[in-house]
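Residue numbers (the numbering used here): 66 to 370.
Hints were generated in silico from the structure; no laboratory data involved. Bear in mind that the values here come from a model prediction, so they are computed numbers and not experimental data. Each hint can be trusted.
Listed next, with one range per pair, are the computed distances between beta-carbon atoms:
{"#": "1", "residue 1": "Arg72", "residue 2": "Ala280", "range": "54 to 64 Å"}
{"#": "2", "residue 1": "Arg99", "residue 2": "Gly290", "range": "39 to 49 Å"}
{"#": "3", "residue 1": "Arg334", "residue 2": "Arg72", "range": "19 to 29 Å"}
{"#": "4", "residue 1": "Ile261", "residue 2": "Arg168", "range": "24 to 34 Å"}
{"#": "5", "residue 1": "Arg300", "residue 2": "Ala280", "range": "20 to 30 Å"}
{"#": "6", "residue 1": "Gly346", "residue 2": "Gly290", "range": "29 to 39 Å"}
{"#": "7", "residue 1": "Gly312", "residue 2": "Arg221", "range": "11 to 21 Å"}
{"#": "8", "residue 1": "Ala317", "residue 2": "Arg177", "range": "48 to 58 Å"}
{"#": "9", "residue 1": "His87", "residue 2": "Gly182", "range": "25 to 35 Å"}
{"#": "10", "residue 1": "Asp232", "residue 2": "Gln310", "range": "24 to 34 Å"}
{"#": "11", "residue 1": "Ser329", "residue 2": "Glu180", "range": "23 to 33 Å"}
{"#": "12", "residue 1": "Gln299", "residue 2": "Ser329", "range": "34 to 44 Å"}
{"#": "13", "residue 1": "His87", "residue 2": "Val176", "range": "16 to 26 Å"}
Glycine included, each C-beta is placed from N, C-alpha and C at the ideal position.
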Amino acid sequence: MSPLPFRRVGIVAKVGSRDAAHTAHELAEWLRRRAIEPALDEATLRANGRHGESPFRSADPCDLVVVLGGDGTLLSVARSLASATPLLGVNLGTLGFLTEINRGELYTAMVRILEGGFNLEERALFDVELERAGGGPLARYRVLNDAVITKSALARIIELTLRVGDDLIARFRADGLIISTPTGSTAYNLSAGGPILNPLLPVAVLTPICPHALAMRPLVVPDRGPIVVRLETQREEVFLTLDGQEGTSLGAGDGVRVTRSAASVQLVRVGSRSFYDNLRGKLRWGGLAGTGEGGGDGGRGGAPE
Numbered sequence: 066m067s068p069l070p071f072r073r074v075g076i077v078a079k080v081g082s083r084d085a086a087h088t089a090h091e092l093a094e095w096l097r098r099r100a101i102e103p104a105l106d107e108a109t110l111r112a113n114g115r116h117g118e119s120p121f122r123s124a125d126p127c128d129l130v131v132v133l134g135g136d137g138t139l140l141s142v143a144r145s146l147a148s149a150t151p152l153l154g155v156n157l158g159t160l161g162f163l164t165e166i167n168r169g170e171l172y173t174a175m176v177r178i179l180e181g182g183f184n185l186e187e188r189a190l191f192d193v194e195l196e197r198a199g200g201g202p203l204a205r206y207r208v209l210n211d212a213v214i215t216k217s218a219l220a221r222i223i224e225l226t227l228r229v230g231d232d233l234i235a236r237f238r239a240d241g242l243i244i245s246t247p248t249g250s251t252a253y254n255l256s257a258g259g260p261i262l263n264p265l266l267p268v269a270v271l272t273p274i275c276p277h278a279l280a281m282r283p284l285v286v287p288d289r290g291p292i293v294v295r296l297e298t299q300r301e302e303v304f305l306t307l308d309g310q311e312g313t314s315l316g317a318g319d320g321v322r323v324t325r326s327a328a329s330v331q332l333v334r335v336g337s338r339s340f341y342d343n344l345r346g347k348l349r350w351g352g353l354a355g356t357g358e359g360g361g362d363g364g365r366g367g368a369p370e
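Model the full structure from these sequences, guided by the hints.
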C-alpha cells in the first residue's frame, strides 16, 4: 500500500499485564516523537496514573489500532472496532494465532506500516441474536471466532433444532453446538474435531459437541443464509458463549440466529508469513516444531484449547 497520513493510533494493552502496559507507554512515546497522537486504553492510563489524557475508545476514529497481549485481547477489541480501522496484533504471550508479530518485531513493523509497507486482510464477523421464547428483549452480540451453545457441567445431554436458511438440517442431541467463523476454525472448533478452514472463505462451520448420534459430523455451510438454533430441552442449564468472553443462559424454546455481519475486521499484515505458515509453525501441522511466539490471554484466541 502507499504511505498513509497516520495522525492518531489507538493502543490497547492486555489488562493486568505489566509487560503490555510498559510496551504501550513505550510505543506511545515512540509515536509522539513522530508527531503521531497515541490514544491508550483507559485501564493502561489509569494503571500508570495518567488521568488527564483522552483514552482510546473503539468508536473514536483512528488510523490504526495496536493490540498488545494476545489473541484474547485482540478478540475483545475486534468485536467493537469500526470496520475500516486497521488492527495490528502484537504477541506478548505463548502462542498467538491471530496476532501478526511478536514483541521484538514491533518497531521494525511500525516503521514499515508508517511507510505504507503493509496489507490488510479482511476477516468476517458474525452477528448473533438471541430471541427469548417468552418474548423478552432481543439480545445482540458480535463474534470473530464463534458462538457456542453448551450444557453446564452437571446438566444432561440437550436437544437442539438446527436450520440454515429455509432448510431444516437436524434435530439432534448433544452436549452442544459450535457455530464458528473461518477465523475461529482453529479455536474451539478444532478442539471439538471440526475442520481447519482458510480464514478468507465465505462460510460457517457447524460442529456438534459430543453428539449422541455418531453420524452428526461437522458441517460447512455458506454464511449468506441465517443459521438458526433452537433449544428444545426443558429444565437444563444451557449457556450461549460468544468468543469465550461473553455469555448468557438459555431457556427452553430460546432461539439463536447467526448471520454474517455487515462489519468486518481489517487485520494488518506486514510479514511474509501466510496462514499455512502459521499452521505449520504454531500448530505444528505436519509434525513441524513451533516457530511463533506470543499470546494466549483468554477467549480461546486462535488455537485449540
